[in-house]
Each structure stands twice: as C-alpha cells, then as structure tokens.
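Engineer: Numbering-wise (my numbering), the sequence shown opens with residue 75 and increments by one.
Bear in mind the hints are in silico, worked out from the structure with no lab data behind them. Even glycine gets a Cβ: it sits at the ideal position worked out from N, Cα and C. Don't take every hint at face value.
[Claimed, not checked] Straight-line alpha carbon distances no greater than 27 Å define the calculated DSSO-like cross-link-like pairs of lysine-lysine that follow:
{"hint": "1", "residue 1": "K413", "residue 2": "K378"}
{"hint": "2", "residue 1": "K144", "residue 2": "K124"}
{"hint": "3", "residue 1": "K151", "residue 2": "K125"}
{"hint": "4", "residue 1": "K433", "residue 2": "K413"}
{"hint": "5", "residue 1": "K149", "residue 2": "K124"}
{"hint": "6", "residue 1": "K452", "residue 2": "K433"}
{"hint": "7", "residue 1": "K449", "residue 2": "K433"}
[What the hints assert, rightly or not] Label-pair distances were calculated between CB atoms; the ranges are:
{"hint": "8", "residue 1": "D447", "residue 2": "L263", "range": "33 to 43 Å"}
{"hint": "9", "residue 1": "K247", "residue 2": "S187", "range": "35 to 45 Å"}
{"hint": "10", "residue 1": "N382", "residue 2": "E238", "range": "12 to 22 Å"}
{"hint": "11", "residue 1": "S106", "residue 2": "N481", "range": "32 to 42 Å"}
{"hint": "12", "residue 1": "Y415", "residue 2": "M389", "range": "17 to 27 Å"}
{"hint": "13", "residue 1": "E451", "residue 2": "K393", "range": "32 to 42 Å"}
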Amino acid sequence: MVYDLRCIYIGNEPSFALETKVRDVSNNINRSLIGNILKSIRVEKNIPMKKIASALKVSESTVSQIETGKNLATKEKINEICHVCGCSFDYKTDRKKMIDLVLYIYAQYTNLSTDEMNSTIEEVKSNSFISCSYVRFEYYLILYMDGIINQSNEDVQLFKRILEIGKSSFSNKELSIYYDIKALEKMYLNDSIKALEYLNQSRLYDNEFLMNHYHYCSIYLNLGYYTLAQKYIRKSIEIAIKEVSFERLCYLLLNQGVLYLNTEQYVEAENLNLKLLKESKIRNEEFLKYCILSNLVLISLLQKNYENGFKYLGMVDQKYLEDDYDLVLYRILLHLFVKDYTLAKKYIRQSLSNNSIGKYYKNFFQGLKYLIDNKQEKAIERIESCYNLALTAGEVDRAMLDLKLLNELYLDHGLQNKLKKVKELQEKFYKMSYANQIIEDIGLKLN
Numbered sequence: 075m076v077y078d079l080r081c082i083y084i085g086n087e088p089s090f091a092l093e094t095k096v097r098d099v100s101n102n103i104n105r106s107l108i109g110n111i112l113k114s115i116r117v118e119k120n121i122p123m124k125k126i127a128s129a130l131k132v133s134e135s136t137v138s139q140i141e142t143g144k145n146l147a148t149k150e151k152i153n154e155i156c157h158v159c160g161c162s163f164d165y166k167t168d169r170k171k172m173i174d175l176v177l178y179i180y181a182q183y184t185n186l187s188t189d190e191m192n193s194t195i196e197e198v199k200s201n202s203f204i205s206c207s208y209v210r211f212e213y214y215l216i217l218y219m220d221g222i223i224n225q226s227n228e229d230v231q232l233f234k235r236i237l238e239i240g241k242s243s244f245s246n247k248e249l250s251i252y253y254d255i256k257a258l259e260k261m262y263l264n265d266s267i268k269a270l271e272y273l274n275q276s277r278l279y280d281n282e283f284l285m286n287h288y289h290y291c292s293i294y295l296n297l298g299y300y301t302l303a304q305k306y307i308r309k310s311i312e313i314a315i316k317e318v319s320f321e322r323l324c325y326l327l328l329n330q331g332v333l334y335l336n337t338e339q340y341v342e343a344e345n346l347n348l349k350l351l352k353e354s355k356i357r358n359e360e361f362l363k364y365c366i367l368s369n370l371v372l373i374s375l376l377q378k379n380y381e382n383g384f385k386y387l388g389m390v391d392q393k394y395l396e397d398d399y400d401l402v403l404y405r406i407l408l409h410l411f412v413k414d415y416t417l418a419k420k421y422i423r424q425s426l427s428n429n430s431i432g433k434y435y436k437n438f439f440q441g442l443k444y445l446i447d448n449k450q451e452k453a454i455e456r457i458e459s460c461y462n463l464a465l466t467a468g469e470v471d472r473a474m475l476d477l478k479l480l481n482e483l484y485l486d487h488g489l490q491n492k493l494k495k496v497k498e499l500q501e502k503f504y505k506m507s508y509a510n511q512i513i514e515d516i517g518l519k520l521n
C-alpha cells in the first residue's frame with residue numbers, strides 16, 4: 075500500500091497547483107506552533123532576529139514575542155518573515171492528516187514494510203515545500219525517521235535542532251515516536267544508557283508502541299539483563315499478536331532464541347531457531363533466514379557440534395558470509411576446532427587483508443592465528459583485549475562469549491589464577507543478569 079499524499083491537503087485537492095485555501099490563523103492554528111515554525115525557519119536559514127525586525131519595521135522584542143507565541147502572527151507577518159528567510163509559506167496543508175502520515179510511516183517501520191515505507195518517505199521528500207507550512211515539524215520528523223531507520227546520509231543534526239524547537243507542538247504519539255527514534259540513534263552508536271533514557275521518555279507519552287518494547291528488549295539482551303529482556307520480549311509479543319504484526323513477531327521470537335542461547339539453554343535455542351528457519355523459508359524472508367542461520371552456527375559451536383555448524387554455515391547466502399565478520403569468525407572457529415588449520419589460516423589472512431576490519435575482529439583473528447602457530451601467550455593477550463573491547467562498547471553478551479573461549483584457553487594451559495578470575499566474573503555477571511536494575515558501571519573487568 076502506498077499512501078496518497080494528496081489527502082494531506084485541505085479538501086483533498088487532486089493537484090498542488092490549485093489556488094491556496096487560507097485557514098483562519100487565529101482560530102485554527104495554535105499561535106505557539108506558528109511561532110515555533112517561524113523561529114525554526116529563521117534558525118535553519120541562520121538569519122539574525124535583528125534582520126527580521128528591520129524588515130518588519132518592528133523591535134526585536136516584538137519578533138521574539140511572535141516566535142514565543144505571545145503575540146499573534148498575522149498572515150501578512152508570516153509572509154513577510156518567510157520572504158526575508160527566502161521561502162514561501164504554504165497554507166493549505168492539513169496538519170491532522172500529516173500527523174496520520176507520521177503514524178502510518180512508523181507503522182510501516184514496525185511491520186517491516188520497508189519498500190512501502192521508503193516509497194512514502196520519498197514522496198514526502200519530493201514535496202519539500204511543505205517544510206514551510208503548518209506541518210513543518212511533522213515533515214522533519216519524517217526526515218529524521220528516514221535518516222536513523224535507514225542510516226541514510228542525512229543531516230540529522232539539523233533535523234534534531236528543528237525538532238527540538240517544535241516538539242512542544244507534537245501530539246503524545248508523535249512525541250513517543252520522536253523519543254523512540256532518538257533511542258534508536260543511540261543504539262546504533264552503542265550508547266545503551268542514553269538509549270534507555272530516551273525509551274523511558276518515549277514510554278511516558280505512549281506505552282503501547284511495539285517498537286518501544288522491542289528496543290527495550292534488544293538493549294537489555296545486549297547488556298546482559300535477561301530478566302528485563304524477557305519481560306519486554308513477552309510484552310512485545312503480546313502487542314505483535316494483538317496488532318497482527320507477524321513479520322515483526324518473527325524477530326521478537328528471534329530475540330527469545332538469543333536469550334535462550336545467552337543463558338545456555340541450547341536445546342531450547344536450537345528448537346526455536348529451527349522453527350523460525352522453517353517459517354523464514356515459507357515467507358521467503360532471506361534476511362530473517364540469514365539471522366537464524368547465524369544463530370544456529372553459533373549454537374552448534376557452543377554445543378561443540380561442528381558437523382551441524384558446517385551444515386548451517388553452508389546454508390547461508392554467500393553475500394552474508396563475505397560481509398558479516400561474526401560469520402567469518404564462526405567459520406574460522408569451526409575449522410580450528412576440527413583441526414583444519416590450513417583453511418582456518420586462509421580465512422584469517424583474507425579477513426586481515428580487508429582494510430575495513432574493526433579493531434575487535436582484527437585482534438580476534440590475530441589471536442586465533444597465534445593460537446594455530448602455538449604462540450599461546452600472544453593468542454590469550456589478543457583475545458583478552460577483545461573481551462575488554464566488547465565490554466567497553468557495552469556489548470556484554472559478546473564479552474561473555476569471549477569469556478567462554480578464554481576459559482577454554484586458560485584450562486588448556488593450566489592458568490589457574492585466570493580460571494579463578496573467569497569464574498568470579500561469570501558469577502558476578504549471572505547475578506547481575508537477573509537483577510531488575512541497570513548498573514552503568516558493568517564492573518566485569520578482566521584485569
């Protein structure tokens with residue numbers, strides 16, 4: 075389904091070229107909204123208030139009172155201010171219908187209707203003149219959603235400056251969406267604590283948005299807070315079933331599988347992922363299939379069922395095998411554990427030759443190479459650094475997986491003091507995992 079943007083115009087006119095129908099500003103438009111719109115246009119264009127005051131032949135105090143909504147901005151004043159800012163105000167856009175469009179795009183995001191969502195966003199962007207209208211802040215909220223959800227090359231800092239000026243005019247649902255997208259932005263930056271702050275704000279305005287709960291459970295899984303993760307997984311599943319959002323439901327169940335995996339419930343994790351794998355084939359969902367197979371490879375590694383690991387790895391589309399360093403790591407570990415050192419070293423060389431490789435994976439692959447070359451101290455040093463890097467990045471679940479490998483290495487080389495330290499860390503981690511609180515200082519340092 076594609077949203078018809080013609081419906082956001084008063085009277086549902088079929089053409090943007092029709093004569094403008096001007097609404098009564100004093101009766102229908104909140105003066106604070108108009109003030110915020112005019113202020114944000116001036117700020118965006120980097121025009122000093124003094125210049126506006128001079129053009130209108132009024133004091134700066136009068137302009138300030140217009141921007142704060144204390145004084146009513148007449149149509150003539152709006153037009154004059156916009157003229158100074160190099161734009162023309164569009165009076166015909168229906169704000170209520172534009173708010174509905176914001177909710178519609180967010181629903182498309184929730185339901186993983188990516189093509190339809192992007193098509194709707196592109197249509198909005200192609201009508202950029204509405205950025206100077208009553209729906210200015212809805213327009214920029216949509217651009218902000220696009221920039222964060224699609225990780226597109228957009229000036230999101232500008233969008234946020236504009237939205238901070240206008241957020242007081244948002245409905246509760248818009249505010250909930252705004253803070254949820256701000257949380258998502260922080261999630262991409264691995265700033266889990268700040269993301270949680272924004273999610274808490276989002277929830278204040280609407281506690282029934284599926285993605286709010288989905289983002290909570292994703293963060294808590296990443297931080298290793300499994301009681302909280304389970305709570306939000308269950309809530310998200312309830313909402314998804316209620317809203318018949320089956321596409322998103324599959325990813326929620328995928329999170330449940332990750333929780334099983336991280337809590338060493340490997341049989342439950344494998345069974346759930348196999349059911350999801352069957353569903354992904356029925357739905358022809360390639361990305362979902364890739365996520366599931368990646369989990370199944372890791373489960374097989376942790377169960378030391380290397381035959382299954384190779385089987386699931388062979389089912390992954392080649393494009394993901396080349397782009398996903400976690401899968402590259404799993405493949406190297408599989409060859410390492412079956413003592414196929416030739417292929418293990420081949421994949422290590424290939425990966426290390428890639429200039430885009432991050433520090434975590436570079437250190438891990440170097441550590442595995444040292445392991446194959448019987449340089450145990452260097453191998454342990456490199457993999458310990460990976461544990462610390464993961465912890466610093468707030469990826470506690472990844473750090474705990476690193477700890478499992480370190481435990482095996484310490485055991486093989488009789489490093490009793492380090493084995494004792496690992497046991498202490500694991501006990502502390504599992505105690506924290508089931509605590510209903512957030513501890514900013516994770517306190518799981520290896521050294």
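Engineer: Determine which of the earlier numbered hints do not hold for this structure and return their numbers in increasing order.
Structural biologist: Hint check: 9, 10, 11 fail, others pass.
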